[in-house]
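Novice: Chains as they are written, first to last, in my numbering: chain A, 15 to 263; chain B, 11 to 214.
Please note that a few of the clues may not be correct.
Mimicking EDC-like on lysine to aspartate or glutamate, the simulated pairs with C-alpha atoms at most 20 angstroms apart in a straight line are [to be verified]:
1. B/LYS192 x B/ASP213
2. B/LYS191 x B/GLU166
3. A/LYS133 x A/ASP176
4. B/LYS192 x B/GLU125
5. B/LYS192 x B/GLU61
6. A/LYS133 x B/ASP116
7. A/LYS133 x B/ASP118
8. A/LYS133 x B/GLU42
9. B/LYS191 x B/ASP213
Simulated restraints on C-beta separations [claimed, not checked]:
10. B/GLY43 x A/ALA138: 54 to 64 angstroms
11. B/TYR17 x A/ARG243: 13 to 23 angstroms
12. B/ARG138 x A/ALA233: 42 to 52 angstroms
13. B/GLY43 x A/ASP238: 43 to 53 angstroms
14. A/ARG32 x B/ALA12: 43 to 53 angstroms
15. A/ALA220 x B/ALA12: 52 to 62 angstroms
16. B/VAL73 x A/THR137: 26 to 36 angstroms
17. B/ASP136 x A/PRO219: 39 to 49 angstroms
18. A/ASP238 x B/ALA51: 35 to 45 angstroms
19. A/ARG157 x B/GLU47: 37 to 47 angstroms
Hints in this document: simulated from the structure, not taken from any laboratory. Remember, it's a predicted structure, so these values are computed and weren't measured experimentally. We put the beta carbon where it would ideally sit given N, CA and C, even for glycine.
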Amino acid sequence: MTDDDTPRVQGSFYPRRRDDWHPPALAPQYRSSTLRAPRRALISIPQSWGEITGPVFGQNMLGELDNDLLRNFARPGESPIGERIIVHGRVLDQNARPVPGVLVEIWQANAGGRYRHRKDGYTAPLDPNFAGLGRTITDAEGRYEFRTIRPGPYPWPNGPNDWRPSHIHFSLFGSGFAQRLVTQMYFEGDPLIERCPIVNTIPDPAAVDMLVARLDMNASLPMDALAWRFDIVLRGRRSTWFENRPEGN
Amino acid sequence: MANEPDYLDETPSQTAGPYIHIGTVPNFLGIEGVYAEDLGARMIDDQTRGERITITGRVLDGVGAPLRDAIVEIWQPDAAGLFPSPEERRGTADPHFAGWGRSACDLDTGLFRFETIRPGRVPLPDGRLQAPHVNFWIAARGVNVALHTRMYFPDEEAANAEDPILARLMAEGRGDTLVAKKAEGGFHFEIRLQGHGETVFFDL
Numbered sequence: 015m016t017d018d019d020t021p022r023v024q025g026s027f028y029p030r031r032r033d034d035w036h037p038p039a040l041a042p043q044y045r046s047s048t049l050r051a052p053r054r055a056l057i058s059i060p061q062s063w064g065e066i067t068g069p070v071f072g073q074n075m076l077g078e079l080d081n082d083l084l085r086n087f088a089r090p091g092e093s094p095i096g097e098r099i100i101v102h103g104r105v106l107d108q109n110a111r112p113v114p115g116v117l118v119e120i121w122q123a124n125a126g127g128r129y130r131h132r133k134d135g136y137t138a139p140l141d142p143n144f145a146g147l148g149r150t151i152t153d154a155e156g157r158y159e160f161r162t163i164r165p166g167p168y169p170w171p172n173g174p175n176d177w178r179p180s181h182i183h184f185s186l187f188g189s190g191f192a193q194r195l196v197t198q199m200y201f202e203g204d205p206l207i208e209r210c211p212i213v214n215t216i217p218d219p220a221a222v223d224m225l226v227a228r229l230d231m232n233a234s235l236p237m238d239a240l241a242w243r244f245d246i247v248l249r250g251r252r253s254t255w256f257e258n259r260p261e262g263n
Numbered sequence: 011m012a013n014e015p016d017y018l019d020e021t022p023s024q025t026a027g028p029y030i031h032i033g034t035v036p037n038f039l040g041i042e043g044v045y046a047e048d049l050g051a052r053m054i055d056d057q058t059r060g061e062r063i064t065i066t067g068r069v070l071d072g073v074g075a076p077l078r079d080a081i082v083e084i085w086q087p088d089a090a091g092l093f094p095s096p097e098e099r100r101g102t103a104d105p106h107f108a109g110w111g112r113s114a115c116d117l118d119t120g121l122f123r124f125e126t127i128r129p130g131r132v133p134l135p136d137g138r139l140q141a142p143h144v145n146f147w148i149a150a151r152g153v154n155v156a157l158h159t160r161m162y163f164p165d166e167e168a169a170n171a172e173d174p175i176l177a178r179l180m181a182e183g184r185g186d187t188l189v190a191k192k193a194e195g196g197f198h199f200e201i202r203l204q205g206h207g208e209t210v211f212f213d214l
């Protein structure tokens, strides 16, 4: 027993780099942002319990196939059309510490670039064996893994001939509500990445690079599936000695 | 440089796009059989302590049209002001209260809806009490970084008047954008992304 056994808890989150790292709210080359971007500056407020706490999700809520998009919608004995892939990585915070217990939810188009959504009218057909959604919770080392097919690129109404690169949408919960993050993962080598107006809402190429998964031959399954590695960094937080309020000493 | 701080950069945000429902509320969308139920659909049960309320609302764009492809999440304390989270150190929250809810905006009307309870008060780091409020988070196509705001209650005049954050915004003429309207069975909260009466959004 140390002379001070006050529990060490996590404190407030580091500020987000909104000016030069995250995309700005208004990015006219991405047309949908023009009527949906707040025009007033965001207001900074102190982080209190409502911001540093967040919901928790237990492994017991997961179904056996939740992270297996090859099987979680397919008819028995069948599987979706497309390149079989593994998408895996670690969720870390800005202090380079793994973040366990993070709910990771993903959604994606099928191999032809079509989403199972009533608002998607693209010509490419639905795949009767693919829904395009999955979820998992990071383990003690912050690791997650999905099995899926590589989504196809698809055209979308923005500029005269805009195409989305192959991508997978990610939604993550950290340990606090202020850590909540939604982003997209791209595939190394895709020539559509640099042409994408949504990718290009991000001002810094180094930030875009964080969204580009790398081919990971060591994690691939011979004669079965290629693997792609995508690590995700959530906001870091200060450590503080707990007294009776979030910001101790 | 030996003493250079070496923090990692946060993964940058990207818009949720128009198809966020697939990954977050598949049953709402009609994709059944993958998840037993949509997460965040139930916040309370028969034994939850506190006053039952329904919160409805819409998210409006710069020309006043409701977003019909947004996902709204809320995070709030229980009736005693405690959060059901392992990070909560002030006590133990009501085990019958989830604290977190998720609602898709209706694909036709744009209405979101939460069945919850009226939250208790929570102190700021300096100890001053905030008025009861519900934290909101909004993700949608055209929103590059999901937005944080909060909803206050119109019938909490005394608490609202001493809430340091709301009082400051009231003094700047923007506080009213965070106060819901009374509605049948609860409250209605309109979130304006842009233009006249633009809702205050926070950089947490």
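Novice: Taking the hints in turn, state whether each one holds.
Specialist: Against the structure, the hints come out as follows:
no.	hint	in the structure
1	B/LYS192 x B/ASP213	violated, 27 angstroms
2	B/LYS191 x B/GLU166	holds, 12 angstroms
3	A/LYS133 x A/ASP176	holds, 18 angstroms
4	B/LYS192 x B/GLU125	holds, 15 angstroms
5	B/LYS192 x B/GLU61	holds, 15 angstroms
6	A/LYS133 x B/ASP116	holds, 13 angstroms
7	A/LYS133 x B/ASP118	holds, 11 angstroms
8	A/LYS133 x B/GLU42	holds, 17 angstroms
9	B/LYS191 x B/ASP213	violated, 24 angstroms
10	B/GLY43 x A/ALA138: 54 to 64 angstroms	violated, 23 angstroms
11	B/TYR17 x A/ARG243: 13 to 23 angstroms	holds, 21 angstroms
12	B/ARG138 x A/ALA233: 42 to 52 angstroms	holds, 50 angstroms
13	B/GLY43 x A/ASP238: 43 to 53 angstroms	violated, 25 angstroms
14	A/ARG32 x B/ALA12: 43 to 53 angstroms	violated, 30 angstroms
15	A/ALA220 x B/ALA12: 52 to 62 angstroms	violated, 23 angstroms
16	B/VAL73 x A/THR137: 26 to 36 angstroms	holds, 30 angstroms
17	B/ASP136 x A/PRO219: 39 to 49 angstroms	holds, 41 angstroms
18	A/ASP238 x B/ALA51: 35 to 45 angstroms	holds, 36 angstroms
19	A/ARG157 x B/GLU47: 37 to 47 angstroms	violated, 26 angstroms
Consistency note: the structure conflicts with the earlier hints numbered 1, 9, 10, 13, 14, 15 and 19.
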